[in-house]
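Student: As they're listed, the protein sequences go chains P and F.
Here the first sequence is numbered in the working numbering, starting from 1 and rising by one per residue.
Here the second sequence is numbered in the working numbering, starting from 1 and rising by one per residue.
These aren't lab readings, by the way, just hints derived from the structure by calculation.
Check each hint, because a few of them may be wrong.
Claimed, not checked - Chain F stretches covered by chain P per the calculated footprint, using a threshold of three residues with CB under 8 Å from any CB of chain P:
(1) 125-138
(2) 263-273
(3) 344-352
(4) 357-366
The beta-carbon is built from N, C-alpha and C at its ideal position, and this holds for glycine as well.
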Amino acid sequence: MNTETTFQANARSKFKKFYAQHTYVFSFIGLIIIAAVINKNFLTYANLSTLMLQSAIKGVIALGMTLIIISGQIDLSVGSITALVAGLGVVVLNTTGSIFLMLIFCIIFGAILGLINGLLVTKGRIAAFIVTLATLSAYRSIIVQLGQGGPFNVGENVYKSFRLIAAGTFLKIPNLAIIFVIITIIIALIMDKTKFGRYVYAVGSNENAARLSGVNVNKIKTMCFAITGLLTGISAFLLSSRLTSITAPNAGVSFELDAIAAVAIGGTSMNGGRGRIVGTFLGIIMLQMIEGILIAAKIPPFLTGLVKGIIIILAVLLQSKKER
Amino acid sequence: MFLRMENIVKDFGVVKALDGVSLTVGESEIHGLLGENGAGKSTLMNILAGIFPPTSGEIYINGIKQENITSKKSTEAGIRFIHQELNTINDLTVYENLFIGEEILNKYHLLDKKAMIQKAKEVFIRMNIDIDPQEIMVNLDTSRKQLVEIGKALLFESKLIIMDEPTTALTNKEIDNLFTIMKALKKEGVSIIYISHKMPELFEICNKYTVLRDGKFIETGDFKNIDEKKATELLVGRSIVEETIKEEHKKGEVIFEVRNLSCSPHFENITFQLRAGEVLAVTGLHGDGRGELAEALFGSRLLTEGEILMNQKPVNLKKIKKVMQAGIGMVPRNRKERSIIKDLSIRDNLSIAHFVCNHKQLFINRKEEIERFEKNQKVTRIKVGSCEDYITSLSGGNQQKVIISRWLEMNSSVYILDNPTQGIDVGAKFEIYKMIHELAKAGKSIIVFSAEFPEIYKIADRCLIMYKGKVNAELTKDELSEVKAMYYATGSNMEELK
Numbered sequence: 001m002n003t004e005t006t007f008q009a010n011a012r013s014k015f016k017k018f019y020a021q022h023t024y025v026f027s028f029i030g031l032i033i034i035a036a037v038i039n040k041n042f043l044t045y046a047n048l049s050t051l052m053l054q055s056a057i058k059g060v061i062a063l064g065m066t067l068i069i070i071s072g073q074i075d076l077s078v079g080s081i082t083a084l085v086a087g088l089g090v091v092v093l094n095t096t097g098s099i100f101l102m103l104i105f106c107i108i109f110g111a112i113l114g115l116i117n118g119l120l121v122t123k124g125r126i127a128a129f130i131v132t133l134a135t136l137s138a139y140r141s142i143i144v145q146l147g148q149g150g151p152f153n154v155g156e157n158v159y160k161s162f163r164l165i166a167a168g169t170f171l172k173i174p175n176l177a178i179i180f181v182i183i184t185i186i187i188a189l190i191m192d193k194t195k196f197g198r199y200v201y202a203v204g205s206n207e208n209a210a211r212l213s214g215v216n217v218n219k220i221k222t223m224c225f226a227i228t229g230l231l232t233g234i235s236a237f238l239l240s241s242r243l244t245s246i247t248a249p250n251a252g253v254s255f256e257l258d259a260i261a262a263v264a265i266g267g268t269s270m271n272g273g274r275g276r277i278v279g280t281f282l283g284i285i286m287l288q289m290i291e292g293i294l295i296a297a298k299i300p301p302f303l304t305g306l307v308k309g310i311i312i313i314l315a316v317l318l319q320s321k322k323e324r
Numbered sequence: 001m002f003l004r005m006e007n008i009v010k011d012f013g014v015v016k017a018l019d020g021v022s023l024t025v026g027e028s029e030i031h032g033l034l035g036e037n038g039a040g041k042s043t044l045m046n047i048l049a050g051i052f053p054p055t056s057g058e059i060y061i062n063g064i065k066q067e068n069i070t071s072k073k074s075t076e077a078g079i080r081f082i083h084q085e086l087n088t089i090n091d092l093t094v095y096e097n098l099f100i101g102e103e104i105l106n107k108y109h110l111l112d113k114k115a116m117i118q119k120a121k122e123v124f125i126r127m128n129i130d131i132d133p134q135e136i137m138v139n140l141d142t143s144r145k146q147l148v149e150i151g152k153a154l155l156f157e158s159k160l161i162i163m164d165e166p167t168t169a170l171t172n173k174e175i176d177n178l179f180t181i182m183k184a185l186k187k188e189g190v191s192i193i194y195i196s197h198k199m200p201e202l203f204e205i206c207n208k209y210t211v212l213r214d215g216k217f218i219e220t221g222d223f224k225n226i227d228e229k230k231a232t233e234l235l236v237g238r239s240i241v242e243e244t245i246k247e248e249h250k251k252g253e254v255i256f257e258v259r260n261l262s263c264s265p266h267f268e269n270i271t272f273q274l275r276a277g278e279v280l281a282v283t284g285l286h287g288d289g290r291g292e293l294a295e296a297l298f299g300s301r302l303l304t305e306g307e308i309l310m311n312q313k314p315v316n317l318k319k320i321k322k323v324m325q326a327g328i329g330m331v332p333r334n335r336k337e338r339s340i341i342k343d344l345s346i347r348d349n350l351s352i353a354h355f356v357c358n359h360k361q362l363f364i365n366r367k368e369e370i371e372r373f374e375k376n377q378k379v380t381r382i383k384v385g386s387c388e389d390y391i392t393s394l395s396g397g398n399q400q401k402v403i404i405s406r407w408l409e410m411n412s413s414v415y416i417l418d419n420p421t422q423g424i425d426v427g428a429k430f431e432i433y434k435m436i437h438e439l440a441k442a443g444k445s446i447i448v449f450s451a452e453f454p455e456i457y458k459i460a461d462r463c464l465i466m467y468k469g470k471v472n473a474e475l476t477k478d479e480l481s482e483v484k485a486m487y488y489a490t491g492s493n494m495e496e497l498k
């Protein structure tokens, strides 16, 4: 074999490896092509920035969900955490008049709600699925009761400045997109470059082996839930700014579905142990693009749930095929 | 000839478990299958029982070539397999275990409990043992579970019974009973493939033998024509016998001490000391509590009583991290389940214990980690392409070297090695033995938990033999022999005391 063909063979096997590990990148490119063909205006700046803006709020939650799923857990309560934190956050904003205090409240309260999930899973030894199914119901119920079914409206005095957080732009880029990208980079760094990140992968891959290497498995799992709660708190803050009115029974409904779908499309293993933050970042954007395509293709909006369901199943099917 | 297996090859990824093995068993024949652990005996039998297919090779039963043998086909051909490990379902009753997958149904296609209980009773009478078929399995001790497992093979008419180390947990009286049944079966025309490490048993009950070594066929013949010495030579292979020079270790002060350690119901009242530079082996048979003891020494199992001292100071056993910081390292058994993290790279697998105890910076430095890997690679001679690959790309032996490096990197003073050569090839085994000798020479203390006598003989200065959760005997290097080890491991001394 001469050197040129060896080089070609090498390049081909490297490409195959890259493809196997980063299939989501190719799905992303494929989707962009489809979207651009269907919608002539797709590749315009206005459209792309709207896409980022729409992806950001659910995207921040999906980043946390990635940690949870890599560590071998699941969190179904993120939608209810969003509603509970956002509703009470608006109350904090209206009573104090301080956006900053509201942000601090959302971050801490979100982390506490996540921590409760984590402690019930680790100290209570209850399956994450059951714990978060229960808190999904409980957290939502609290905020619906507090709001007596009505909405939490942002008060007149702070309305303008608060609304600008989600609606505003910086150098013509939507604030939400910037915040989403920054948080993505921070979480990606944590997962890729720190001990904590390694432990999350280790716990999801082989809990026993991680424990016998000295990793405090319960602490890592609890932290994953707390971080997800914290990110959901940030997301709730952003959602309040975007909507300026939180209706307790509706806010954040089915966010867990979108977050899990984004993680699955992003190539994270549903069995835990493998996955990338970048994948989830692209995953949530892809999900948003698909919604756009459905609208452009004039598919009835009631069917988006069906399409999302099919997408989750397809993504996981492709994955398990690879793992076999 | 009832059975002919020809040129059987079986690859597990990179590992060649069987390399052109042949086996012929006639009617009314008790055929001894000999080989060290890892020689390929169980793999060959699993192929015959249709548990997994061979990579290549041919199987003839009654002269008819078998294609794609499955466990169903194998059972239909009259082949029964008594497994080495106990495959019992503890929450079901004895008779439910006996008939699992082959339940007797009545005319309405519902379970016919009466018929099953009756048939189970008949089998136990035939085996001359007293077990109630309606007893819940969990209430039976290990030897009775093994008898139930044997009973399974006698329930239905069979042509060939494979017995994979059936006597490991049995008392001498129960073994005699088993041999009586085997002789009766032989008279009825049933053949038996008998796998055992116990030479006297093989010579007593078998008429033919086949020897495997390192997955290769070595020899077949009549037991009449060989003696125990010759059989051992065939088993071990000459070249290896010469290589096993036992090394003397210079022993220092007592560094590690275990006092009255109990963990009911697994073990009780374990007390021993360990000196610097000493290699202590702990052995026994299935159900001796050895595995649980190994876990307890590392703080991964809650104790009911007792303490562990390191340099006269009690070790905090509540947290594994504290145990590691006290200077104790652990290579657990069942590598796949307990030590390798399959989704992490080779270097992360090596560094993970270091991360837990000694890594202080915010970020992991890739260059430092690669250096750490290369430093250890020189010591343990891990063969890899790139240390960024998944650990699962390595052979079992190299995986185990990575795990050992995990603890060398921690520079522990006491190494607990639980079944460290499980499922790795002979070459890598010897490298691990050498490492153990080198660690001992460097003044480290090592506790090896193992059921493989040849291994213990090669490395240990001292050996504790456990029986039913207690240390039944302590043998020094000079006193150590396989016969003695077996004598105490089967609790034969207790039986004599009765």
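Student: Against each hint, give a clear statement of whether it holds in the structure.
Tutor: Cross-check of the supplied hints:
no.: 1; hint: 125-138; result: violated (count 0)
no.: 2; hint: 263-273; result: violated (count 0)
no.: 3; hint: 344-352; result: holds (count 3)
no.: 4; hint: 357-366; result: holds (count 5)
Hint compliance for this structure: hints 1, 2 are broken, all remaining hints hold.
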